[in-house]
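J.: From first to last, the protein sequence lines stand for chains P and W.
Under numbering that gives the first Met the number 0, the residue at position 50 of the first sequence is numbered 49, and the numbers go up by one with no gaps.
Under numbering that gives the first Met the number 0, the residue at position 6 of the second sequence is numbered 5, and the numbers go up by one with no gaps.
A portion of the hints provided could be inaccurate.
Any copy will do: because identical chains look the same in the list, a pair fits if it lies in one copy or spans two.
To be verified - List time: in silico BS3-like cross-link candidates among lysine-lysine, alpha-carbon distance up to 30 Å:
1. K365 x K271
2. K87 x K72
3. K60 x K49
4. K242 x K72
5. K1 x K169
6. K180 x K49
7. K72 x K180
Keep in mind that the hints were calculated from the coordinates and are not lab data.
Protein chains: 2
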Amino acid sequence: MKATVITIGDEILIGQIVDTNTASISRKLNAIGITIAEKTSIGDEAQAIKDCVARAMRESKVIIMTGGLGPTKDDITKTTLAEIFNSKLVYNEQEGEHIRQLLARRNIPFTELNRGQALVPECCTVLHNAHGTAPGMWFDTPEGNIIISLPGVPFEMEHLMEDIVIPQLKERLLLQSIVHKTLITRGIPESILAERIERWEEALPHYLHLAYLPAPNIVRLRLSAYNIDGEEAERTIVAEFDKLREIIGDNIVGWEGATMESLIHDIFTRRKLTLAVAESCTGGSIASKFTAMAGASAYFLAGVVSYANSAKSDIIGVNADDIARYGAVSESVARQMAEGVRRISGADYAIATTGIAGPTGGSEAKPVGTVWMAIATPHGTIATMRNCGTDRSQIISRASAYAIEMLYDEVKNM
Amino acid sequence: MKATVITIGDEILIGQIVDTNTASISRKLNAIGITIAEKTSIGDEAQAIKDCVARAMRESKVIIMTGGLGPTKDDITKTTLAEIFNSKLVYNEQEGEHIRQLLARRNIPFTELNRGQALVPECCTVLHNAHGTAPGMWFDTPEGNIIISLPGVPFEMEHLMEDIVIPQLKERLLLQSIVHKTLITRGIPESILAERIERWEEALPHYLHLAYLPAPNIVRLRLSAYNIDGEEAERTIVAEFDKLREIIGDNIVGWEGATMESLIHDIFTRRKLTLAVAESCTGGSIASKFTAMAGASAYFLAGVVSYANSAKSDIIGVNADDIARYGAVSESVARQMAEGVRRISGADYAIATTGIAGPTGGSEAKPVGTVWMAIATPHGTIATMRNCGTDRSQIISRASAYAIEMLYDEVKNM
Chain P
0 MKATVITIGD
10 EILIGQIVDT
20 NTASISRKLN
30 AIGITIAEKT
40 SIGDEAQAIK
50 DCVARAMRES
60 KVIIMTGGLG
70 PTKDDITKTT
80 LAEIFNSKLV
90 YNEQEGEHIR
100 QLLARRNIPF
110 TELNRGQALV
120 PECCTVLHNA
130 HGTAPGMWFD
140 TPEGNIIISL
150 PGVPFEMEHL
160 MEDIVIPQLK
170 ERLLLQSIVH
180 KTLITRGIPE
190 SILAERIERW
200 EEALPHYLHL
210 AYLPAPNIVR
220 LRLSAYNIDG
230 EEAERTIVAE
240 FDKLREIIGD
250 NIVGWEGATM
260 ESLIHDIFTR
270 RKLTLAVAES
280 CTGGSIASKF
290 TAMAGASAYF
300 LAGVVSYANS
310 AKSDIIGVNA
320 DDIARYGAVS
330 ESVARQMAEG
340 VRRISGADYA
350 IATTGIAGPT
360 GGSEAKPVGT
370 VWMAIATPHG
380 TIATMRNCGT
390 DRSQIISRAS
400 AYAIEMLYDE
410 VKNM
Chain W
0 MKATVITIGD
10 EILIGQIVDT
20 NTASISRKLN
30 AIGITIAEKT
40 SIGDEAQAIK
50 DCVARAMRES
60 KVIIMTGGLG
70 PTKDDITKTT
80 LAEIFNSKLV
90 YNEQEGEHIR
100 QLLARRNIPF
110 TELNRGQALV
120 PECCTVLHNA
130 HGTAPGMWFD
140 TPEGNIIISL
150 PGVPFEMEHL
160 MEDIVIPQLK
170 ERLLLQSIVH
180 KTLITRGIPE
190 SILAERIERW
200 EEALPHYLHL
210 AYLPAPNIVR
220 LRLSAYNIDG
230 EEAERTIVAE
240 FDKLREIIGD
250 NIVGWEGATM
260 ESLIHDIFTR
270 RKLTLAVAES
280 CTGGSIASKF
290 TAMAGASAYF
300 LAGVVSYANS
310 AKSDIIGVNA
320 DDIARYGAVS
330 ESVARQMAEG
340 VRRISGADYA
350 IATTGIAGPT
360 GGSEAKPVGT
370 VWMAIATPHG
380 TIATMRNCGT
390 DRSQIISRAS
400 AYAIEMLYDE
410 VKNM
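Chain P on its own, in the form it takes in the complex:
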């Protein structure tokens, strides 16, 4: 069973926004056994929408469209769909009342433009958008296609997919399973990894497809199975990955979704350990990675973003003379930051970073990208220096990742 995803909006074509809707829709469709044949983004232009829908109808049974359903003149998806299906727009009382109430709650008057949002092509089934003013629409075509139009606002689209579209598609279509599982490896470059696991790869059952997804210091290995019994495929994939553990066990981090911080999260929660962070160049990024995870309050005690030198000494007790002597970006300061925040928070472990995120502030001895990082533990403190790149956001994200990895290496066997 195939689907085509079409996202509509000039803002996508000119690159003003990154389209996250298609990835979300794809995951949800894959999870119920629908393969994505193609994803296409087009502008707010009637002919482009018509051509694209016609093409998609030849390729796929299911077509999911997002965007172009707003109240203003630049939104033309609904009128274009009405033209495609030669259907007139009719006022839907229920949706109109819903929009009126939604606006009233936010003290917004119900205008003619809002009233227009309750107009829908007569031939469609309305998909009630509980979280917004643009209803979704479901069309069954004479050719046997299912065409679904959803608002582009990610939150509203997500709810419509979860609450209505996915359950309906499952009920209406006879679907087979798609299984994807991904194992994360680190420390082996893609080309070397491919050679080391070549014989394993060649011995895989023919219905499993292997993909390599490289990222800095990490390669994700994904095994996919299409249209075979789901539980059977899942078991086979897990068994094949278990064989892989015998070949490259030390380099396996965990399943997809297992980030370094989530592994630490699990270890600290399980072992009832506590964590604190002192950040200079990473500026709160490490703290926010941990606190983004539900349940972080069980172990994450405190973070200090000691950006100014005075904050390093006043709040976490770094010796001001040492800052003057060695510089804020130095092994001594990184160690004192980790030890200091561990002390003032009472945490078992602490991470510290201090570096030059740029674009200015670098020198020949300490160029932009130089980052000292330290881990304070109950058994002592370790520190290391890494060069984290040249671009400010790259430096912040790499320094955060490296420092978190340092802590992971300290606690991974607990």
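Given the structure of chain P, go ahead and fit chain W onto it with the hints provided.
T.: Only chain W this time, still in chain P's reference frame:
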């Protein structure tokens, strides 16, 4: 002049990654006057690639493809392009040597798979990838199309676009201007805004196209001009937006790219003010927003992520009895957090947040999403409570945005 962007990779189709390459490529092409007709994502499958390229050649002069150039078996873009152009793969000595050196620097042996990365279709012009092992390729077709294949790694793709593709396209093609400018408004819902500016919109020159881009509390208005003199279009757009300031001046935040934090950044830098942050539920997200901006060290002194109650009292001096009496999520604690971090850092202004990010920890009186936020200033402290939603990441991002907006309202007229 039109372009089609094709991104290749099963990981895109199954939604394992969000494709950010197309947005970046689109912005760069728009900036030199090339319109994007369509963006398409397809899987690592030869027939899909051939069909998609054939279709794109009918629609667009320029075709930019990314992905599928890695060393492993699942990457087939290069061999498929060689088939499309009926061209054999030949070993490129220079690229081979470059790959060998790049790997040597990282202590990675040069294997047969890496050697394969220096194989390129004989008919293409090689685009040297200084930052990676997969060279880009440029094909001039007999039909007059330009087909460019780039690696999918964003960093490598960005450099190839900037350093080679864009300059070459500018040199090779006769291009006209595309101008987009976006003004950010806040506080007026889209439908009301559309009515208030209706007469302005109707009086716009016919060659300017207006688009509404709504987000929570914000509507971005974009004016676009295609294929007219660039400087003239830019002047006209600025003049039209100036007229808009007379209608909804109080609601205009600034130009695209002007986030609340960047406006505060500018004010604090100009007025030599200093800032500190005390975060509980936002967990470092506010600090990281400010410190992500180059030059933040001029005013951002310190942040404290006082996640545990002990951190609230020990590090920033919130009265422990008040935490027990009113709860950590309370007006009293929010105020004391803002005042406390302002005091210990010596900053002029401070932001504080304390709330329930969920998914657990809510109660009837204080449901998940309840966030108290406070701003401490040289003239006193203000506090307010806002409900920031139901989902953890949504709550963190909304609470951060609202708290930053609160500070903006305090300092916007400075």
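J.: Give a verdict on every hint.
T.: We went through each hint and held it up to the structure:
1. In this assembly of identical chains, the alpha carbons of K365 and K271 lie at most 30 Å apart only when taken from different copies (27 Å versus 38 Å within one copy).
2. In the homo-oligomer, the alpha carbons of K87 and K72 lie at most 30 Å apart inside one protomer (18 Å), although the nearest pairing across protomers, at 51 Å, exceeds that limit.
3. Taking the closest pair of Cα atoms, K60 and K49 come within 30 Å of each other both inside a single copy (16 Å) and across two copies (22 Å).
4. Taking the shortest alpha-carbon separations for K242 and K72, only the inter-copy value of 20 Å comes in at or below 30 Å, while the best intra-copy value is 58 Å.
5. Taking the shortest Cα distances, K1 and K169 sit within 30 Å of each other inside one copy (13 Å), while across copies they are farther apart (39 Å).
6. Proximity of K180 to K49 under the C-alpha cut-off of 30 Å is restricted to the inter-copy arrangement: shortest distance 28 Å between copies versus 37 Å within a copy.
7. Taking the closest pair of Cα atoms, K72 and K180 come within 30 Å of each other only across two copies (18 Å); inside a single copy the shortest separation is 44 Å, beyond that limit.
Checked against the numbered hints given earlier, the structure satisfies every one of them.
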